[in-house]
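> The listed protein sequences derive, respectively, from chains A and R.
The opening position of the first sequence corresponds to residue 1 in this note's numbering, with each subsequent residue numbered one higher.
The opening position of the second sequence corresponds to residue 1 in this note's numbering, with each subsequent residue numbered one higher.
Simulated from the structure, these hints should not be mistaken for lab results.
Among these hints, one or two may not hold up.
List of simulated lysine-lysine pairs, BS3-like, C-alpha gap at most 30 Å [claimed, not checked]:
#1 R:K221 - A:K134
#2 A:K134 - R:K42
#3 A:K134 - A:K207
#4 A:K207 - R:K221
#5 R:K206 - R:K221
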Amino acid sequence: MSDSADHPLLEVRNLVTRFSTQEGDLIAVDGISFDIERGQRFGIVGESGSGKSATLWSIIGLIDPPGSVVADRISFDGVDMLGMSREERRRIRGSRIGFVMQDPLAALSPVFTVGEQIAETIRCHESVSRSEAKRRAIEILDSVGIPDAAERVRTYPHELSGGMRQRVAIAIALACNPALVIADEPTTALDVTIQAQVLELLEELCKERGVAVLVVTHDLGVIGRFADHVAVMYAGRIVEQGPTEQLLRSPRHPYTEALLVSQPRLDSERRAELPAIPGAPPNLLRRTPGCAFQPRCHRSNGRERCCEDDPVLHAVEAEHASACHFSDELGEIGAASRDG
Amino acid sequence: MLRVILRRLGWVLVTLAAVATFTFFLTFLLPQDVARTIAGDKVSEAEVERVRQELGLNDSPAIQYVRYMGRVARLDFGYSFVNRQPVGEIIAERLPRTISLAAVAIIFQLVVGIGLGLATAARANGVLDRTTLSWAVLMISLPTFWLGLILLYVFAFELGWFPLGGADSFSAIVLPAITLGIAGAAWYSRVVRQAASETLASDFVKELRAKGLPRRTILFKHVLRASLSPVLTMMAIDFGFFLGGAVLVETVYAWPGLGLTSYQAIETGDTPLLMACVIVGSAFVLILNLAADLVRTVIDPRVRLG
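Build out the structure end to end from the sequences listed, making use of the hints.
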C-alpha cells in the first residue's frame, strides 16, 4: 500500500500467543520476532506443537478465544495490523495476504465448484461482476497448471486429485494478487512426487509475481528446496534463524543439528539406524528455567548453564542467529554428526 | 440415474401394495358391524343382510382382498359406506386442504428451525442458545393435541385473533400450521445448530476466514448449505407425514383435510374411505422420501443415489 520499500513487507516483533486452558495458560508462541522482505521466501521449521502454525494464524488475526495474541508489533507493508479493526483485517486476508492450508480436501468446501470458490474470493475483495470474477477464476486456474481450466471451474473438489486440489488452493491464495502468501504445511498431505511439483509451482508463481512466501513445515527438505531464509522453532521460540544455505550447512543450534541428522540421507548406509531426537517436546504449560531443549540436547551434558540460564537469540554471524549458550561449539555439519 | 429412480419407484409400488394389504386385513379387526351401521339401527336383520350381500361382505376375506386390490390397481377406491359418494371424490375434495396446511407448517418449520439453528450456532452458549435448548425440549415433548388446545384457547377463544376452527378464512390456517410445525421447528433448530457448529469448527471455514470472506457470507452461504442436508431429508419425510394427514391437529382444529377424514372414517367404520386415506398418505410419505434422496444429491454433490 505504501510506496516506500524501506520497511520490510512483514514485521513481527515479540509475538506472544497464549491459550488459556483449565490447567493454566499454554504459551504456544513465546516472544518471537522476524522480518519478511518483499519477494522473499521465508520458512519456519519445527516439530508439531512448536508454535509454527499458531504463528501464522496470529499474523492474520485468526486466533479465536480462548487464545489471545499480544505483540510489540505486527505490521504488514508498514501498517500496524494489531490496531486494525476486525473488518480491516478481514479485507487484508485473501487479498493482500493469501493463505494455503495443509489439507486441500478439508479446506475446500465440498458443495461448491472450484470456480465458485475462487470467484467468491475475488468478489468479496473487489467490486467485479460475476462474469468478470469467473473469467479471472479460469485465468488463475490456468496459471496454476490445471488443464482445461474453462471446464475444470465446474468441477467439485472431490472430483480432483490431491495435487490438483492443492493447485486450486494456491489459485485461491493468488486470486487477488497478494503481496504475501502464507502456506501452512502445503505439501504434507500430498504424495512425494506431487510435493515437488507443488513446491516448484509455488516458487515459480511467486517469483513471477514478486510475491513473498511464508511457508511453515516440519520438513527440512521443503525448506532446503524452497526457502531463502529460515527460522527454526522449538517450544514456541525461534532457536535459530538465518539464510537457508548457511543454516543447513553449518547449524549453530543443537536442535537444528539434530533435525538435520534425523533426515534420511542417500549417502548413509542402508541398514544404519536413523538417529532420532530422544525425548519429547517440553510441556508448554510449565516452562522450566534454562534452555527448553536441554533435556533432549546431546551437547549439553548436564552443563549448569543450560539448566539455569534461559538462552537468548544472538547473532553468530551476519544474519545468522542462534539461541544456544554454546553455539560456538557447533559449526560445519560433519565431524560430530555424520560419522555417528 | 433414471434407472435408479425407476427402480426406486418400483419399490414405492411394492411398499404401497404391502401397506394396502396390511391395512385391509387390519380393518377386519374393527369391532363394528359395517352393514348394520349403514342400514341403520331400526331396520330388520333381513335388510342388514341385503346390504351385506350388496357390499360383498359375506365373501371370504381372501376374495374380498383380491377384488379390492384389483380395483385399487385401477385407482378405483370404491364408494364410501357412509354417504355412498365415490371415495376418489372425497379425497380430491379434502386433499387440497391438507396440502395447504402441510405446506404452511413445513415452511414455518424450516424458517424457524433453520433461523434459530444458525443463530444459536453462531453464538454457541449465548442467551439465545440456552433458552432455545429448553424451548426445543419442551416443544418436542409436548403432545400436539394438548398444545393445539392451549393455542386454540388462548389465541382463538380468549384473544379472538383467529377463528375457533374450520377452514373458512385465510387466518384459520395459522394456528393449526404452528401446532403442526412447532415440534419440527424445535427439532430442526437443534439439528441445524449441531451441523452448523461442526461446520463452523471445520478446516474449510478456517479457509473461508483466511481468504477474507465476511462472516455473514460464511454463515448464510457456506455454513447454511453444509448444514442443510440433514434438514432437507427430515423435511421431506415430515412433509410426507403431514400430507398423509395430521390426524390430531386436523381433529382439534376441525380442519377438513385427510387427517380429519381418516378420523371420521374410523369412527363410522367407513372402510373404503379409511383405506384410501391410508394408501394416499403412505404414497406421499414414500414419494417424498425418494424426493429427499434426490434433493440430497443436488445439495451435496458427493452423495450418489444408490
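> All hints are to be evaluated individually against the structure, with a verdict given for each.
Comparing the hints with the structure gives:
{"no.": "1", "hint": "R:K221 - A:K134", "verdict": "18 Å, holds"}
{"no.": "2", "hint": "A:K134 - R:K42", "verdict": "81 Å, violated"}
{"no.": "3", "hint": "A:K134 - A:K207", "verdict": "25 Å, holds"}
{"no.": "4", "hint": "A:K207 - R:K221", "verdict": "35 Å, violated"}
{"no.": "5", "hint": "R:K206 - R:K221", "verdict": "15 Å, holds"}
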